Every structure is written in structure tokens, then in C-alpha cells.
Amino acid sequence: MSEKELGQKWDRCLADCAVKFGTGLGLGIVFSVVFFKRRTWPIVFGTGLGLGMAYSNCQNDLRSRYVLHSKYFSFEQK
Amino acid sequence: MEGRDLAGEKFRKFPHTNAANPCLLRCFYQCVCGKVKAHPLQLCRRYSTAGDSGSTAGKIVAASLLTVGGGLGGTILYAKWDPKFRANVEKSVPYSDQLFEMALGPPPPPLVTLQKKPGKIEPLQISSLSEASKESKQPKAKAKKSDPAPVEAPAAVEEAPAPTPQTLKDEECKDHHEPVLKERPAEEVTARLAQQDKAEQDALAALTAGLEESLGSTAKTTLQAIGAQEAALTAIAAHTNKLKEAMDSQTPPDEKSSQWKALNEALSERTRAMEEAEEALLKAKGELENLSGVINSSKQSKINTARPQILAAEENLHSMIVDLDKVVTKVQTAQTEAKIVSQYSELVNEAKAQFQQELANITPEIQANWKRLSGKLSADDLNSLIAHAHRRIDQLNRELAEQRVREQIHIEVALEQQKLEDQKALERAVVSALEHSREDMRLEQEKKAQEVREVMEAEMRTQLRRQAAAHTDHLRDVLKVQEQELREEAQEILNSKMMEQETHYRRLTQEQLDTFTLDMNAAYARLKGIEEAIDSHVIAEEEARKAHQLWLSVEALNYTLKSAGADFPTEPLEGAVGVIKENCAGNEFAQALATAIPEESLSRGIYSEASLRARFFDIRRLARRVALIDETRNSLYQYFLSYLQSVLLFEREQVAPPAKLAPEDLDTFKLLAYANYSIERGDLELAAKFVNQLRGESQRVAQDWLKEARLTLETKQVISLLSAYANAVGLGTTQAP
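If you read the protein sequences in the order shown, they are chains Z and F.
Going by numbering that gives the first Met the number 0, the residue at position 76 of the first sequence is 75; the numbering climbs one at a time, nothing skipped.
Going by numbering that gives the first Met the number 0, the residue at position 531 of the second sequence is 530; the numbering climbs one at a time, nothing skipped.
Don't read these hints as lab results, they were simulated from the structure.
Don't take every hint at face value.
[Claimed, not checked] With a Cα cut of at most 30 angstroms, we get these calculated BS3-like pairs of lysine-lysine:
hint : chain 1 : residue 1 : chain 2 : residue 2
1    : F       : Lys545    : F       : Lys561
2    : Z       : Lys8      : F       : Lys545
3    : Z       : Lys3      : F       : Lys90
4    : F       : Lys284    : F       : Lys423
Source: prediction; values computed, not measured.
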């Protein structure tokens with residue numbers, strides 16, 4: 000169903016967002032704990048990174064249909 | 000006034016109303032009409048005026064009756080007086096003739112017309128017949144008693160000449176009675192004529208018979224008389240001769256006695272003959288008188304054709320009379336002669352007697368034998384006789400001498416006597432001759448008259464015959480002409496009738512032929528039609544069966560369509576469509592249609608409209624949310640914006656789509672509104688059309704739905720086509736009862 004596609008996409012998007020957010024958060028926490036002496040900016044950065052990536056993914060996913068795919072064809076003259 | 004109207008109403012509506020209860024009815028009416036107005040005075044006035052008007056009405060009725068009665072009576076009376084008027088009225092007014100007949104009796108006969116008619120042939124014939132009958136009747140009336148005429152109508156006409164003047168006069172009289180006599184039918188006339196003829200014939204026969212009878216008897220008697228007279232004559236002659244002989248003869252005495260005997264015999268014979276002759280003569284005379292009487296009476300009858308008979312009878316009579324007279328004269332002469340001779344013989348006898356006396360005186364014994372002078376006489380007697388005879392002779396001689404002397408005187412006396420007698424005889428003879436000649440003359444005259452009459456009659460007959468011939472010729476001609484005309488007419492009629500009959504017959508036969516041909520043709524056509532009908536019926540039945548099957552299968556297909564649930568599609572239509580394909584193997588259209596069903600529906604089935612409708616709501620929501628997203632705008636932000644737009648945009652959910660789409664109508668929201676409207680109205684097709692106009696993400700979102708809708712629509716269309724086709728075929732093949 001084409002109408003379910005959008006929903007699926009949004010589901011994926013959200014799931015992805017959640018994952019990325021979580022992952023970003025996690026990595027941010029880790030990095031902030033590990034590397035950056037428990038500063039908050041790596042958490043935010045990681046979260047942001049995660050959200051950003053999720054956003055981008057979501058956008059790409061949602062945009063996927065309109066993206067023009069090109070292919071190179073080489074014609075070899077034999 | 001209203002009371003009056005009420006009363007009038009009452010009168011009109013209840014004409015039999017008893018006028019004695021006006022108040023009750025008036026009250027009733029008032030109750031009915033709802034008007035309570037009491038005008039008893041006016042009512043009474045009404046009654047009084049009604050009473051007056053009643054009397055005047057009566058007067059009018061009486062006057063009109065009187066007028067009508069007077070008119071009728073006057074008409075009847077005048078019709079009684081004037082038949083022409085009666086005829087006119089009868090002609091003009093339909094049933095007046097019955098009225099007149101009832102009142103006056105039958106109309107008088109039209110006398111005028113008959114008097115105009117004598118010019119015509121037919122009545123002329125009757126009139127001629129009647130005239131002839133009249134003419135024949137005239138002599139008939141006169142000669143009714145005794146005279147039959149062996150004639151028929153021509154003879155009756157022949158009789159006309161004798162009583163012609165009379166009949167003419169009578170005809171003139173009879174002409175006035177022509178109308179009455181004319182009406183006698185011909186049969187009666189002929190019957191009367193026949194009757195008259197018969198009567199005539201009877202009379203004639205009677206007359207003839209009478210005449211003949213009398214003639215016969217008279218002839219017989221006359222002949223008898225004549226015979227007797229002749230016998231007498233001969234007897235007289237014989238007697239005379241005998242006497243003479245006896246006187247003069249010189250016979251011997253024995254023969255003398257025989258002579259005397261013979262003489263006596265002859266005498267007796269003579270006397271007998273004379274007596275007989277006398278008797279016969281008397282009888283003959285009587286018969287002759289009879290005959291003459293009969294002839295006279297028959298002469299009086301005046302039947303012409305009996306005249307020759309009468310004449311003949313008369314002639315016979317005359318001849319008989321003549322003969323009789325002749326014979327009588329002969330007898331008389333003979334008688335005179337005989338008288339002379341008898342005188343002589345008487346003398347002689349006297350002498351003889353004297354002689355005998357003397358002889359007797361002398362010889363008394365011979366007295367008895369005087370007559371028989373046979374030889375019984377003795378010689379004495381003879382002598383005495385002779386002596387006496389001598390004496391007698393002497394005496395006689397003396398007397399003779401005396402006689403001679405007186406001869407002359409005697410002769411003169413005798414001559415005178417003879418003269419007288421001769422004269423008498425002459426006179427008698429003359430008289431008789433005259434009579435005879437007169438008779439002859441009369442007879443001749445009558446004969447001549449008869450001849451002339453006959454000639455005239457013959458002439459008249461010929462003339463009449465000519466006339467009759469002319470008449471018959473004329474009649475013949477007329478009859479011929481009539482016959483010709485009638486024949487022609489009859490022929491014409493026959494021809495026309497024959498033609499009619501022929502044409503009729505031909506027409507009938509033609510009609511028969513035509514009807515037969517028609518019937519045959521019709522029967523043949525019907526037969527053909529029946530065969531064709533049966534064939535087509537078979538075909539139609541076949542078709543109907545096929546159509547029915549098709550329809551059934553289409554119905555099965557339709558039924559499978561119903562098997563769609565809320566969210567799941569129908570059963571795959573493959574089976575039903577396969578059945579359809581089987582059922583309409585020879586039907587290209589159905590095959591095409593069946594193959595036109597999309598594959599998806601066959602394999603997977605289609606969604607029902609309801610499910611599509613339900614799905615559309617989701618689609619709509621989603622499409623509204625992604626209304627802004629298309630190729631150019633497809634970032635998340637745009638998604639957010641489009642979502643925001645869908646939330647913030649208020650519009651009517653359903654908008655009636657316009658007839659034509661303008662470019663500004665191609666907005667998503669509008670389109671969705673139109674589609675919603677359409678789908679809410681059940682028009683999936685229009686909704687699909689609108690949804691098809693979506694662009695961008697909305698389009699992509701609605702893609703599947705559109706596909707499904709398309710599928711459904713297609714299938715439904717094909718199925719509806721099929722069902723329509725099946726219905727059409729079914730309608731086409733079903734035959735109206």
C-alpha cells in the first residue's frame with residue numbers, strides 16, 4: 000500500500016531517530032566520560048550528531064522517491 | 000319573495016305535493032335552506048294565482064281541444080265530399096288513410112281511368128269478345144228455346160247479319176254497360192258461348208231430330224199411304240179389270256164363278272186396299288199436318304242453318320203431298336173409273352140381281368149360289384136362266400134403243416155433268432195445281448231466298464272471315480310484335496341474368512380460387528413461418544439458454560463481487576470469469592469483455608467500494624498532510640509545514656465538484672474535497688479522477704488506492720458491461736407472453 004509506505008517511513012524514521020539519538024547520546028556520554036571529562040558538550044554533540052543523522056536519514060528516506068538516479072552506461076563499440 | 004321562490008322550488012321538486020300542507024313543507028324547506036321567513040300571505044296568493052291560472056289553463060286546453068277536434072271533423076267531412084282532397088290528404092299525412100277508412104269507409108274506386116282505357120288492345124279483345132258474346136247472346140236470347148246451332152263463335156258472328164241491325168242497336172245499349180261487361184272474364188264468355196252453342200246444338204239436334212222423326216214418320220206413312228193408294232189403285236184396277244173381264248168376258252161358267260170369286264176377292268181386296276189407303280191417307284195426312292206444323296214451328300225458330308233442313312222437309316212434305324195427291328187423284332180416277340165400271344158392274348149386278356131375282360123368282364133354290372156361277376145349275380135352271388136372260392136381253396135391247404134415243408140427251412147431260420165434273424175436277428186440279436205451283440213457287444222462293452241467304456251469308460261469312468282474317472292478321476301481327484318484344488325482353492333478361500349469373504359464378508369461382516390460393520399461400524406462409532418460428536424459436540431458445548447461462552454466470556460474477564469483505568478483497572474472479580468464458584464460447588463480445596477483465600482482479604479479486612471508501616479517508620488525511628510535498632519540496636521541514644498546513648487549513652470536507660475543472664481547482668485540498676464529495680455520493684470514478692489529478696507526494700500516497708480503485712472500476716465496468724450485455728441478450732431472447 001502506498002499510503003502505508005509513508006507511515007512505514009515515518010516509523011523507520013522515528014526508530015532511526017531514536018536509535019541514533021540513543022546512540023549519539025550514548026556515544027556522547029561515553030566520549031564525554033571518556034574523553035572529555037564529563038563535559039556536556041559531547042553528549043549534546045553526540046545527541047545532535049545522532050539526531051542530525053536521524054534527520055538526514057529521515058529526510059533522505061522520505062525524499063528517496065524524488066531523487067533522480069543516474070547511471071553511467073558505457074557503450075563499447077566493438 | 001323568497002317564500003314564493005321556495006314555494007316555486009317546492010312545486011318544481013315535489014309536483015305531487017298535496018297543496019293542503021304547504022306550511023309543513025315550507026317549514027321543512029326553510030329548515031333545509033336555513034331561511035326562516037314566513038310569508039304565508041304570499042303563499043296563499045300564490046295558490047290563488049295558481050287557481051286562476053289553473054282555470055285559464057283549463058280554458059286554454061278546452062279551446063285547443065275544440066280547435067283540433069273541429070279541424071279533424073271538418074277535414075273528414077270535406078274528404079267525404081271531395082275524394083281528390085281525400086287522396087291529397089292521404090298522400091301528404093301518413094296515417095290519415097287509416098283514419099279515413101275508419102271514419103268514411105274505403106275510398107271510392109277511380110272511375111276515371113277505366114273510361115280512358117278502351118283504346119288499349121287488351122280490353123279491346125275482351126270487349127270484342129264481349130261484343131261477340133253480346134251478339135251471340137242476342138239471337139240466343141230469342142232462340143233460346145229450341146234452336147241449337149252447330150256453331151261456335153264464328154257462327155255466332157254469322158248469325159249477326161240476321162239480327163244485325165238489332166244487335167247494333169243493342170250494342171249501342173250495351174256500350175253503356177261496357178265497363179260492367181268488360182269485366183267479365185273471357186272464360187265466362189267462352190263458357191257462355193259454349194253453353195249457348197250447346198243449347199243451340201241441342202235445340203238444333205232436337206229440331207232436326209223432330210224434323211227427321213216427323214219427316215221419317217211422315218215419309219213412312221206417306222209411303223205407306225202411297226203404297227196403300229197404289230195398292231188400292233192396283234186393287235181397283237185389278238178389280239175393274241176383273242170386273243170388266245167378268246162383265247165382258249165370254250168365259251165358261253165355272254170360270255165365271257171363279258171370276259166372280261176373284262172379282263169378289265178383288266172387290267174385297269179393293270175395299271180393303273181402299274180402307275187401308277184411306278187409313279194410310281188419313282195417317283199420312285195427319286203426319287203431313289204434323290210435319291207441316293213442326294216445319295212451321297221450326298220455321299218460327301229462325302235458325303238459318305236449319306233452313307235447308309226445313310226447306311228439305313218442306314220439299315219433302317210438298318213432294319209427299321204432291322205424290323199423295325197424285326196418287327189420290329190416280330186413285331180417284333181409278334175410283335171414278337172403277338165407279339163407272341162399278342156403276343156399270345152395279346148396273347150389271349143390278350141387272351143380274353134383277354135377273355137373279357127374277358131367276359130366284361123363277362128358281363128360288365139357286366139364290367144362295369149367285370156368286371158362285373159354277374156348274375151347279377141344272378138344265379132347268381139353265382133354261383129358265385136362259386129364258387130369263389133372253390127376256391132380259393130383250394128388255395135390255397129395248398132399253399138400249401131407248402137409250403140410244405136418249406143418248407144425245409144423256410150424252411149432253413152426261414157431257415154437262417162431265418163438264419161440271421170436269422170443271423170441278425179442273426177447278427180442283429187447277430186449285431191443287433195452283434196450290435202445288437204456289438207451293439212450288441213458295442218453295443222455290445224459299446229455296447231461292449235460302450240460296451240468296453246462303454249466298455249472302457256466305458258473302459257475309461267471307462266478309463266477316465276477311466274481317467276476322469284481318470283481325471286475326473292484325474292480332475297475329477300484334478301478337479307477333481308482342482311476342483317479339485317479349486321474346487327480346489325475355490332474351491335480354493335472360494342474357495342479363497345469365498351474364499349476371501356467369502359473372503357471379505366467375506366471381507365466385509375466382510373468389511374461391513383466390514381465397515383458396517390465399518389460403519394456400521397463407522397456409523404455406525404460415526407453415527413456413529411456423530417452421531421458421533420453430534427454428535428461430537429453437538435458435539432463440541438456444542440463445543435464450545445461452546443468454547440465461549451468460550446471465551447466470553454474470554450474476555455469479557456479481558455475486559462474487561459481493562464477497563468482498565471490509566478490508567479484504569473478493570475472491571479471485573478467475574473461476575466466475577472462466578465460467579463466463581466457457582458459457583459464451585461463441586460470443587466474441589463476451590469473450591472480449593471477459594478477457595478485458597484485468598488480471599489482478601482475476602487472480603486476486605477486487606476491493607469493494609465500501610473498503611475503498613473507507614481507505615479513501617485515510618488517503619485523504621495522508622494526502623492532506625503531505626499536500627506540500629512534491630519533487631521540489633520534500634525536506635522534513637516541508638513535511639512539517641505541510642502537516643501544519645493540513646492542520647491549520649479549514650475547509651469544507653466535501654465540495655461539490657464543478658462541471659469543468661479550472662486550473663485553480665487542481666489544488667490538493669480542493670481535489671480531495673471534490674473526491675470526498677464524489678465518493679460520499681458513491682461516484683468512485685469521479686473520485687478516482689480527482690485523485691488522479693493529485694501531484695507530488697499526495698499522488699504517491701494515493702497511488703495504490705488509485706490503482707485499486709482503477710481495478711475495481713475496470714472490473715466493475717466490465718462486469719456491468721457483461722451484465723448489461725447478458726441482460727440485453729436475455730431481453731433480446733426472451734419472448735413477450
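| field | Structure versus earlier hints, numbers of those that do not hold, lowest first | value | 2 and 3
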